[in-house]
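Dock chains B, C and D against the given chain A, drawing on the hints supplied.
Protein chains: 4
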Amino acid sequence: MFLKDLRTQVLEANLELVRRGLVLYTFGNASGIDREQNLIVIKPSGVDYDELKPEHMVVTDIHGTVVEGNLKPSSDLDTHTLLYREFPSIGAVVHTHSEFATSFAQAGMYIPALGTTHADYFYGPVPVTPPLTDAAIGGRYVHETGLAIVNYFRQHKIDPLAVPACLVNGHAPFCWGKDAQDAAHNAVVLEAVAKMAYNTLTLKPNSEGVSQALLDRHYFRKHGPSATYGQGQ
Amino acid sequence: MFLKDLRTQVLEANLELVRRGLVLYTFGNASGIDREQNLIVIKPSGVDYDELKPEHMVVTDIHGTVVEGNLKPSSDLDTHTLLYREFPSIGAVVHTHSEFATSFAQAGMYIPALGTTHADYFYGPVPVTPPLTDAAIGGRYVHETGLAIVNYFRQHKIDPLAVPACLVNGHAPFCWGKDAQDAAHNAVVLEAVAKMAYNTLTLKPNSEGVSQALLDRHYFRKHGPSATYGQGQ
Amino acid sequence: MFLKDLRTQVLEANLELVRRGLVLYTFGNASGIDREQNLIVIKPSGVDYDELKPEHMVVTDIHGTVVEGNLKPSSDLDTHTLLYREFPSIGAVVHTHSEFATSFAQAGMYIPALGTTHADYFYGPVPVTPPLTDAAIGGRYVHETGLAIVNYFRQHKIDPLAVPACLVNGHAPFCWGKDAQDAAHNAVVLEAVAKMAYNTLTLKPNSEGVSQALLDRHYFRKHGPSATYGQGQ
Amino acid sequence: MFLKDLRTQVLEANLELVRRGLVLYTFGNASGIDREQNLIVIKPSGVDYDELKPEHMVVTDIHGTVVEGNLKPSSDLDTHTLLYREFPSIGAVVHTHSEFATSFAQAGMYIPALGTTHADYFYGPVPVTPPLTDAAIGGRYVHETGLAIVNYFRQHKIDPLAVPACLVNGHAPFCWGKDAQDAAHNAVVLEAVAKMAYNTLTLKPNSEGVSQALLDRHYFRKHGPSATYGQGQ
Chain A
1 MFLKDLRTQV LEANLELVRR GLVLYTFGNA SGIDREQNLI VIKPSGVDYD ELKPEHMVVT
61 DIHGTVVEGN LKPSSDLDTH TLLYREFPSI GAVVHTHSEF ATSFAQAGMY IPALGTTHAD
121 YFYGPVPVTP PLTDAAIGGR YVHETGLAIV NYFRQHKIDP LAVPACLVNG HAPFCWGKDA
181 QDAAHNAVVL EAVAKMAYNT LTLKPNSEGV SQALLDRHYF RKHGPSATYG QGQ
Chain B
1 MFLKDLRTQV LEANLELVRR GLVLYTFGNA SGIDREQNLI VIKPSGVDYD ELKPEHMVVT
61 DIHGTVVEGN LKPSSDLDTH TLLYREFPSI GAVVHTHSEF ATSFAQAGMY IPALGTTHAD
121 YFYGPVPVTP PLTDAAIGGR YVHETGLAIV NYFRQHKIDP LAVPACLVNG HAPFCWGKDA
181 QDAAHNAVVL EAVAKMAYNT LTLKPNSEGV SQALLDRHYF RKHGPSATYG QGQ
Chain C
1 MFLKDLRTQV LEANLELVRR GLVLYTFGNA SGIDREQNLI VIKPSGVDYD ELKPEHMVVT
61 DIHGTVVEGN LKPSSDLDTH TLLYREFPSI GAVVHTHSEF ATSFAQAGMY IPALGTTHAD
121 YFYGPVPVTP PLTDAAIGGR YVHETGLAIV NYFRQHKIDP LAVPACLVNG HAPFCWGKDA
181 QDAAHNAVVL EAVAKMAYNT LTLKPNSEGV SQALLDRHYF RKHGPSATYG QGQ
Chain D
1 MFLKDLRTQV LEANLELVRR GLVLYTFGNA SGIDREQNLI VIKPSGVDYD ELKPEHMVVT
61 DIHGTVVEGN LKPSSDLDTH TLLYREFPSI GAVVHTHSEF ATSFAQAGMY IPALGTTHAD
121 YFYGPVPVTP PLTDAAIGGR YVHETGLAIV NYFRQHKIDP LAVPACLVNG HAPFCWGKDA
181 QDAAHNAVVL EAVAKMAYNT LTLKPNSEGV SQALLDRHYF RKHGPSATYG QGQ
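Residue numbers (UniProt numbering), protein chains in the order written: chain A, 1 to 233; chain B, 1 to 233; chain C, 1 to 233; chain D, 1 to 233.
Derived from the structure by calculation, the hints contain no laboratory data. Accuracy of the hints is not assured; some may be wrong.
The list cannot tell twin chains apart, which means a pair is met if one copy fits it or any two copies do.
Unchecked claim - As a list, the in silico SDA-like pairs of lysine to any residue whose alpha-carbon atoms are at most 25 angstroms apart: (1) Lys72 <-> Asn206; (2) Lys53 <-> Thr228; (3) Lys53 <-> Arg140; (4) Lys178 <-> Thr26.
Bound conformation, chain A alone:
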């Protein structure tokens, strides 16, 4: 893939977040990676979305050193680069403060798989990280944020493409996907799923997740070699 195409895709993913009401002002960022060249394209920090053009996207190496662009990259860059280094299967990362997903993060609660909408996209609960220690917050904070996500997925042996999102405790969600469009799509669905989980839990506080059988059926209807959804193959 040409870097020019990646710039366009990353911009488009950022704009999709705005169109779907997931970001207020500049509260969000999307990036994508070119795995062949090991280059990351990310939104610049604090620039208005309606002024963003492909050439404003910042290009960095996998460690976050800027290699192209005059603007400063998103202040969450170090979380993005860590996720790319540690989750080799992902092609894009999206961070938003979308209302309901953020509300679960603020409550320190994971989002249980309460229905098939969830199961179509997330093969199990969307986890929440433990709170960061004061030392981690006072140290390499943005890096530590990514580390909390990666450690959680490793310890619980979760495949990042099977559960392409994580809530950071007291903060907000990070999502990812195979490419920028997919990551933005997952962020939009996460917010819808979070909203319905909120409704379900406030209506019936002890609601339980769907059965493993239903989780399997819906997830594998949309993913993997036996997927039957859509016009694909």
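Showing chains B, C and D alone in chain A's frame:
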């Protein structure tokens, strides 16, 4: 009715769901039946709504065998066909994951008839099916989903045109009607009724349904031979 | 005032309800009265809002007998006419099934005066009627709906212009005002006030109303001879 | 700064409140101050937003005496002028009845710092004033409203630019900032933060605020000499 008109009506019903905010991306589908020819027209699977044209609609027989169209039909086809076979009075089926109706389905709760808005459209609670067994989920799942609806209505002797909607446990609502426009209209009203039921129950958890007298008065004001609402006879 | 102007005002009030998201499909109606001629102008029943023109408005006498127009008047006409007969100070009536006001009506709960937004428009709680008896529902139901409102205001000595709205138990709100624009405005503010009351009560269930002093201060800032709000006088 | 520019900025701040859905009809007002000339520019009372032009803005001295303009200033003027006199670091004031911030004010609850979205803008909880006494309400009410805010900040030694908002008990929020755009921006973010705090507290009633370390990290990432967010410096 010509099949061409049915294609247009089914497309229009699908678009009405989008306009009213009931579907996110491709999460929904509407179909209609020509009872004379026993042919069903249904939305294709996973195609963007803004690209949909009448000629993209898929035509199947009453058992779901495609007889016209190059696209794959909605993955929920087997639920639609079963409802058409078992509910001979209905002319169209609509499935959405609309937020509040889905939240009740996720909570495994029926929607009680808490007010006249509900009573104008649904002559009694909107039921929720029992959870499917693992065997049903692992077997002909989409067919079993329809069977759970049909069995519930049979066992409780509910006329499907008097209560033109059902929540599938842990999943989402299915609605129907005498034609595609009517089914989509019922899906839109169901969501409004579900939202107000959510508000009512979170405000006053032990809220009871309206009296049978009020249910009768409102339902028969809009339906049946003594209807007085609207300009029609 | 010419009847032609009243038709235009009543149409405009109906459209304001749509613009502000208070009505779904045809769930709502507004009317106005010409007190000199004792003629009422009301929306026809079940006609799409985007087709409504001033000439579609139906004109009736104070007892609801149609004197002009080929369309059937709103099915809630008898509530409107009763309110005009019993509340001589009002010039217009609006009925909606707006989401949050209707949710309070469904819960059988009045809307307490929890803040100054409420106090600016409603001089005390917005009451809810007692449930209608089966006999009233089975009898002149629409008339009885109006009677429940009027009886409540009489028994509690509430001035209908000081509290220009009432929730009908298990049904929805009726609002009114000095003219059609004012009644529609009150319906829009009622919904905003109901939404904030819902939030307040779900956040802190035992929330109490504002003090009489604050109610007086805000209400009389906008109403009566010492009003200081706006550019008037 | 020329007064003409301030008029334009204040108008633009008022319009931003409308665009972001923070005001219904005329429920809101923004003002700005020229600290060199000690002149305040404020929205007129009760004028429709879509008719507002820069020349409609009212100019007063720091005590609220109108020095330019034919329209009456906002009825909340005395709160604005007091805040300008007592908080010399602020350049603009915004008052809205935005839904969720007002709901907290009605519940008499402060908004705890539950997440990083809050911490990015408000260095600690957004406080709520104690209820006004009947004497204060019956006296110089609008002035007393400002006094309740100022007294709270003084007693608790809160820097008004570090926490640029306060909820007035039983009423609604007042926000401020270094200029009109900043104050409006703070009002928009306050509403988003209030909405997420509402969700968090209804999901998990005993939710606690973020740690002091996280509050420090996020607040000082966006404010002060070591800010790293945006393209600034």
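Task: Homo-oligomer pair classification [Thr26, Lys178; C-alpha up to 25 angstroms] - done: both (24 angstroms within a copy, 19 angstroms between copies)
Task: Within, between, both or neither, where Lys53 and Thr228 count as close if Cα-Cα is 25 angstroms or less - done: between (37 angstroms within a copy, 22 angstroms between copies)
TODO: Up to 25 angstroms between alpha-carbons, please classify Lys53 paired with Arg140: within, between, both or neither.
DONE: neither (30 angstroms within a copy, 49 angstroms between copies)
Task: Same-copy or cross-copy closeness of Lys72 to Asn206 [CA-CA at most 25 angstroms] - done: neither (46 angstroms within a copy, 39 angstroms between copies)
The structure fails to meet hints 1, 3 from the earlier list, while all remaining hints are met.
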